[in-house]
Amino acid sequence: MRVAVASGKGGTGKTLVSTSLAWLLAQEGHPIAYVDADVEEPNGHLFLHPELSDCRRYARPVPELMGVTCSGCGECQRFCQFNAIIALPDRIMLFPELCSSCGGCVLACNEKALGEKPQEIGNIETGTAWTEGRHPISFLAATLDVGEARATPLIGGLLDRIEDPGIVLIDAPPGTSCNVMEIVRGADLVVLVTEPTPFGLHDLVLAVEMTRALEKPITAVVNRSDLGDGDTRRYLESQRIEMAAEIPFRPELAEAYANGRIAADVSPELRSLLWPLGRRLIEEASS
Amino acid sequence: VKQLVVISGKGGTGKTSILASLAYLSAWESPVVTADCDVDAANLALLLPGEEIRTEAFWSGRRARIDADSCIFCGLCAERCRAAAIRIGDSAVVDPLACEGCGVCALVCPVEAVSFVDNQAGVWMERRTSSGPLVHAALGIAQDNSGKLVAQVRQEARAVAEREGIELILVDGPPGIGCPVHASLTGCDLALVVTEPTPSGEHDLQRVLALLDHFALPAAVLINKHDLSPEFTARIEALAGRAGAEVVGKLPFSAEVPRALARGELPLAVESVAAPLTEAWKQIIALLSTSEGRRKRAPGAEEEGARVWTDTG
Numbered sequence: 001m002r003v004a005v006a007s008g009k010g011g012t013g014k015t016l017v018s019t020s021l022a023w024l025l026a027q028e029g030h031p032i033a034y035v036d037a038d039v040e041e042p043n044g045h046l047f048l049h050p051e052l053s054d055c056r057r058y059a060r061p062v063p064e065l066m067g068v069t070c071s072g073c074g075e076c077q078r079f080c081q082f083n084a085i086i087a088l089p090d091r092i093m094l095f096p097e098l099c100s101s102c103g104g105c106v107l108a109c110n111e112k113a114l115g116e117k118p119q120e121i122g123n124i125e126t127g128t129a130w131t132e133g134r135h136p137i138s139f140l141a142a143t144l145d146v147g148e149a150r151a152t153p154l155i156g157g158l159l160d161r162i163e164d165p166g167i168v169l170i171d172a173p174p175g176t177s178c179n180v181m182e183i184v185r186g187a188d189l190v191v192l193v194t195e196p197t198p199f200g201l202h203d204l205v206l207a208v209e210m211t212r213a214l215e216k217p218i219t220a221v222v223n224r225s226d227l228g229d230g231d232t233r234r235y236l237e238s239q240r241i242e243m244a245a246e247i248p249f250r251p252e253l254a255e256a257y258a259n260g261r262i263a264a265d266v267s268p269e270l271r272s273l274l275w276p277l278g279r280r281l282i283e284e285a286s287s
Numbered sequence: 001v002k003q004l005v006v007i008s009g010k011g012g013t014g015k016t017s018i019l020a021s022l023a024y025l026s027a028w029e030s031p032v033v034t035a036d037c038d039v040d041a042a043n044l045a046l047l048l049p050g051e052e053i054r055t056e057a058f059w060s061g062r063r064a065r066i067d068a069d070s071c072i073f074c075g076l077c078a079e080r081c082r083a084a085a086i087r088i089g090d091s092a093v094v095d096p097l098a099c100e101g102c103g104v105c106a107l108v109c110p111v112e113a114v115s116f117v118d119n120q121a122g123v124w125m126e127r128r129t130s131s132g133p134l135v136h137a138a139l140g141i142a143q144d145n146s147g148k149l150v151a152q153v154r155q156e157a158r159a160v161a162e163r164e165g166i167e168l169i170l171v172d173g174p175p176g177i178g179c180p181v182h183a184s185l186t187g188c189d190l191a192l193v194v195t196e197p198t199p200s201g202e203h204d205l206q207r208v209l210a211l212l213d214h215f216a217l218p219a220a221v222l223i224n225k226h227d228l229s230p231e232f233t234a235r236i237e238a239l240a241g242r243a244g245a246e247v248v249g250k251l252p253f254s255a256e257v258p259r260a261l262a263r264g265e266l267p268l269a270v271e272s273v274a275a276p277l278t279e280a281w282k283q284i285i286a287l288l289s290t291s292e293g294r295r296k297r298a299p300g301a302e303e304e305g306a307r308v309w310t311d312t313g
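Respectively, the protein sequence lines represent chains C and S.
Residue numbers for the first sequence follow my numbering, so the first one is 1 and each next one is one higher.
Residue numbers for the second sequence follow my numbering, so the first one is 1 and each next one is one higher.
For the record, the hints were derived by calculation from the structure and aren't laboratory data.
Because the structure is a prediction, the values reported are computed rather than measured.
A portion of the hints provided could be inaccurate.
[As the list claims (entries may be wrong)] Listed below are the simulated DSS-like cross-link pairs for lysine-lysine, each with C-alpha atoms no more than 30 Å apart in a straight line: (1) S/LYS250 to S/LYS2; (2) C/LYS117 to S/LYS148; (3) S/LYS148 to S/LYS2; (4) S/LYS282 to S/LYS250; (5) C/LYS216 to S/LYS2.
Whenever a hint applies, use it, and build me the whole structure from the sequences.
As structure tokens, this is what we get:
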């Protein structure tokens, strides 16, 4: 069962919720994987402190010129929707940073002058994190190279590496665009983490609309539930979205965060607040 | 026209509320143009009320459509589509949320059953506010291409500034370090990175500073909620120092800030925040006026010798 933890607005507590849920379920002896798909700014490792067993470079395909058979016909440039190819009478200029890796230019070339080569865009790491009771959390994360523009192919590559151990918690990036959709599309349940402020609500509405466009079930977690207003709760009720947990602001949670510890590890209150959601995941994963 | 972009790497550090406060401070002297480039979660307009004077559709890319009458269900398009956007069952159906408009399906279709429709990816708007014009946008539900919409917002903000003779544009950037962030940085004079003293804040700041170095863009750092961790504040100051980025200010944590925001007020309305923020603004102005000299590009520090996974072949 794949669970995407997403938010719309950044900084609402996705990583806090996903690492805590992973910890909680592992402590109960359930096979669990944590996947850090916020590849532009991955933070899960700062709290889970995994032992890494493997780190590989990840590459996506981009076109390359093969030999000298190019006739200068310009078919590749006419085909490319992303302006990644300029065909001059005597040479071809390739702009891999604009390429979407669709592979169409290779098919469009009449002279078979174009092939594909791998372009490295980031790392994918696998490992294991351990709870205090020495229960394992399978760990998978990707990190986009600084300067690389397109995160979506790396996220796709990361999701392909998931070996389903039972429950897979996927920590998504903020926002609602292509990177998040790539994750939500393959999820069985989407947990939207929000905060009860005008910003939080505005972005929650966008995240709900995106998730519904992809026809995925939603449950909500309201973080810092006592630091805002009641509009978020009213919105969730009006949309008939279940509120899986309300987490009040607690200095001990902020402190755990500042010390690189998993919030559920230090807070019995958080464990009991998240447990109903954890139990639901266990039930749905086994049915 | 000078352009200041506010980014953070990590989301939720306070970019937008701080940018709105700076716009307000700046408008004491003269109006500024603000540009909300966090187009898939745009919040600046919530803090800068006013009247929308222009709303324009944003068209970007195209989506494939398969004509059911001509389709012979050979399945070639679905086989070649790397976006996995085509399903062949009783009919051949393109998922418009997955289609990238690349055109491979049309290229391989033996019976020319594929056509394309233009895609409206969102809208952008111009608003009159008390601090000056605001250009903002809303990406359509489940749309990609946010980088292109960011570029559009930047272009319109510049046009508005030139039209109205305004000397300063404040750009509210998105979180992360990818494509929409790159589009927010292009052509700016200075990047203000708003961070917080936590392990995530430090980690993400490091990557943002590396990105700014990659684009040879001068950086300044503002530490929000600095008193929550003197230890990480010191680490962030050291990190900024090593990267040649000036720490222009430190703002204290105040539970009054989220309450002020919930009332639609700026952090500037909170007394403990107002003084250090005003002081930081003076420093930023000073840096902006001397930001002609761009730092030179540092040599790339890519890791080598690692094995490679590819999705070719």
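| task | Would you list, in rising numerical order, the hints stated earlier that this structure does not obey? | result | Hint 5 is the one this structure does not satisfy, whereas the remaining hints hold.
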